[in-house]
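Residue numbers (numbering that gives the first Met the number 0), protein chains in the order written: chain V, 0 to 290; chain G, 0 to 299.
I should point out that these hints are in silico values taken from the structure, not numbers from a laboratory. One thing to keep in mind: the hints can contain errors.
Unchecked claim - Quick list of simulated restraints, FRET-style, between CB atoms:
#1 V/E5 to G/W127: 36 to 44 Å
#2 V/M206 to G/S35: 45 to 53 Å
#3 G/V218 to V/L42: 26 to 34 Å
#4 G/S256 to V/A74: 56 to 64 Å
#5 G/G241 to V/I277: 19 to 27 Å
#6 V/L32 to G/G152: 56 to 64 Å
#7 V/A193 to G/W127: 21 to 29 Å
#8 G/V184 to V/G192: 23 to 31 Å
#9 V/M206 to G/R23: 23 to 31 Å
#10 V/R178 to G/S65: 44 to 52 Å
#11 V/N149 to G/V282: 33 to 41 Å
#12 G/S65 to V/K40: 52 to 60 Å
#13 V/G49 to G/L61: 57 to 65 Å
A quick note: this is a predicted structure, and the numbers were derived from the prediction, not measured. We treat Cβ as the ideally placed atom computed from N, Cα and C, and that holds for glycine.
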Amino acid sequence: MFKWLEKNLPKIVMAPAVGLIGWFVYGFVLWTLYISFTNSKILPKYELWGFGQYEKLWASRKWLISVDNLLVFTALFLIFCIVIGIILAIFLDQKIRAEGVLRTIYLYPMALSFIVTGTAWKWILNPTLGIQKMFVDWGFENFTFDWLVNREMAIYTIVIAGVWQSAGFVMALFLAGLRSVEDEIVKAAKIDGAGLFTVYWRILLPMMRPVFFTSFVILVHISIKSYDLIVALTQGGPGISTTMPALFMTQAAFHKSQVGLSAASAMMMFMAVAAVIIPYLYSELRRENAR
Amino acid sequence: MQDNIKSSYQQLEQKSKYTNVFLRWFLYFVLILFASYFIFPLYVMVVTSLKTMEEIRQGTLLSWPSGLNFESWAVAWGGRGYGAGDTFLRPYFWNSIKMVVPAVFFSTFIGAMTGYVLTKWRFKGDSWVFLFLLFGCFIPFQAILLPMARTLGVLGISNSIIGLVLVHTVYGIPFTTLFFRNYYVSVPTELVKAARIDGAGFFKIFFKILLPISAPIIVVTVIWQFTQIWNDFLFGSTFSFGEAAPIQVALNNMVLSSTSVKEYNVDMASAIIAGVPTLIVYVLAGKYFIRGLTSGAVKG
């Protein structure tokens with residue numbers, strides 16, 4: 000008995016983690032998947048109902064709007080975060096004075112919650128007393144900036160706040176990547192007469208392919224899950240113009256008693272994340288095994 | 000001739016010096032421009048929180064407050080003292096502390112043990128177990144909200160701090176395991192083997208050999224978990240309401256409540272109070288914070 004215990008001690012110690020994750024992650028996802036095939040309303044029902052919830056989901060105008068918003072948001076969020084992140088990383092890499100201070104400034108939003116930053120941006124972007132008033136007081140009397148309450152433009156305020164929060168993170172990833180390149184490579188290129196621009200464009204940035212890949216995965220992941228920022232900034236409004244899937248899901252589940260429908264929307268999100276993450280994990284593991 | 004070449008070379012050098020100086024200025028200009036974009040909201044938050052509503056209506060976002068007026072801070076933290084409907088952050092701040100401390104402790108401990116087994120007591124299929132755990136880092140939590148809400152109800156801990164501790168511990172395990180596993184992988188296994196030959200057991204090896212050298216990764220993990228859990232809104236808002244709510248939920252409720260005239264100065268003071276703990280950690284231990292971010296991301 001004691002021998003058995005001693006031999007299996009490592010596995011016993013590991014059991015809580017495996018058990019908890021098995022139950023609370025995999026078990027729960029399977030449960031949600033099952034419920035998405037039932038006609039559950041306020042309470043879960045367990046008779047199967049086929050793909051009805053998915054049909055309902057894709058016929059729902061609100062869901063289509065939220066998917067559309069997600070695509071727009073993800074595209075802009077990705078582009079701006081990566082472009083700003085790369086620019087900042089390259090510029091900071093030029094033996095800049097006060098690099099530490101600048102880096103700290105670029106990255107501090109990552110330490111704040113989306114609720115905190117959403118609250119701040121909501122105040123800054125509000126049309127009566129915010130940025131608009133600032134410009135009007137400066138003498139630009141016809142200046143209007145009402146994106147926050149404008150159906151067409153409100154989604155872009157979420158992009159502004161989201162990029163502000165996450166661009167520094169991309170900067171940190173790229174800076175770490177650039178710093179890990181050996182000096183010799185850059186020196187050799189410079190001796191061959193390559194200018195600074197060529198060095199970055201032709202040599203260093205192509206070497207950053209894994210960093211691009213990582214940033215892409217992380218940012219897409221953040222944007223699919225984005226929930227807090229929308230709640231704090233627009234609550235999905237004006238109307239439903241800034242709804243996104245995560246918001247759709249929680250509203251259907253906890254406010255509208257559409258448990259089955261919300262499970263279906265959660266599974267759509269799950270599949271979207273899996274489509275991005277599984278290739279990523281696969282390639283990471285391959286890289287690790289190759290080492 | 001010789002002189003000619005020399006002087007034109009000097010000219011060229013002079014010229015490139017000028018372009019270099021210009022480039023440097025341009026560099027600093029862009030960097031500072033972005034720095035002001037990043038610092039702008041924080042500046043506005045602080046300045047606004049120190050103004051009276053009268054000043055806010057008259058001035059602009061950027062205008063300086065007339066003095067150091069901490070009244071809205073006091074209101075945000077302790078309320079006005081008129082009883083019902085008077086929401087303020089103090090109790091929720093403590094809720095968050097009571098939630099964060101045990102959740103960080105348990106998830107870090109479990110992660111350390113699991114990472115230790117996965118690297119130093121390897122067994123057949125251990126990399127599959129790691130992958131199994133790692134995937135938990137990525138699931139969109141929407142896919143587990145419904146069953147979690149029911150489970151907390153069945154266990155009788157919905158809308159309680161204990162419930163939130165459970166939720167945050169469980170969903171922190173994939174990250175903490177990842178951190179410790181990647182750290183212990185680089186510790187030479189020979190050390191462990193030698194200790195085993197000397198008759199040291201499972202726990203002795205952990206506490207005598209690995210734990211003493213784990214300080215950096217413990218700091219990284221604790222900071223990561225602290226930031227994640229303190230800043231969480233999805234779990235907090237789904238599994239708690241009223242008195243058991245953590246601070247982010249309370250902040251959101253405070254800002255959204257439209258009972259009276261909007262008081263932006265109190266809103267901003269509240270937002271700062273809710274953000275200050277993680278901000279302090281970031282400023283004091285930025286190095287470890289960034290390490291957590293990049294390794295939490297890059298490696299998985």
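Going down the list of hints, with the structure as the test:
no.: 1; hint: V/E5 to G/W127: 36 to 44 Å; in the structure: violated (24 Å)
no.: 2; hint: V/M206 to G/S35: 45 to 53 Å; in the structure: violated (31 Å)
no.: 3; hint: G/V218 to V/L42: 26 to 34 Å; in the structure: violated (45 Å)
no.: 4; hint: G/S256 to V/A74: 56 to 64 Å; in the structure: violated (35 Å)
no.: 5; hint: G/G241 to V/I277: 19 to 27 Å; in the structure: violated (40 Å)
no.: 6; hint: V/L32 to G/G152: 56 to 64 Å; in the structure: violated (20 Å)
no.: 7; hint: V/A193 to G/W127: 21 to 29 Å; in the structure: violated (46 Å)
no.: 8; hint: G/V184 to V/G192: 23 to 31 Å; in the structure: violated (42 Å)
no.: 9; hint: V/M206 to G/R23: 23 to 31 Å; in the structure: holds (25 Å)
no.: 10; hint: V/R178 to G/S65: 44 to 52 Å; in the structure: holds (46 Å)
no.: 11; hint: V/N149 to G/V282: 33 to 41 Å; in the structure: holds (36 Å)
no.: 12; hint: G/S65 to V/K40: 52 to 60 Å; in the structure: holds (56 Å)
no.: 13; hint: V/G49 to G/L61: 57 to 65 Å; in the structure: holds (58 Å)
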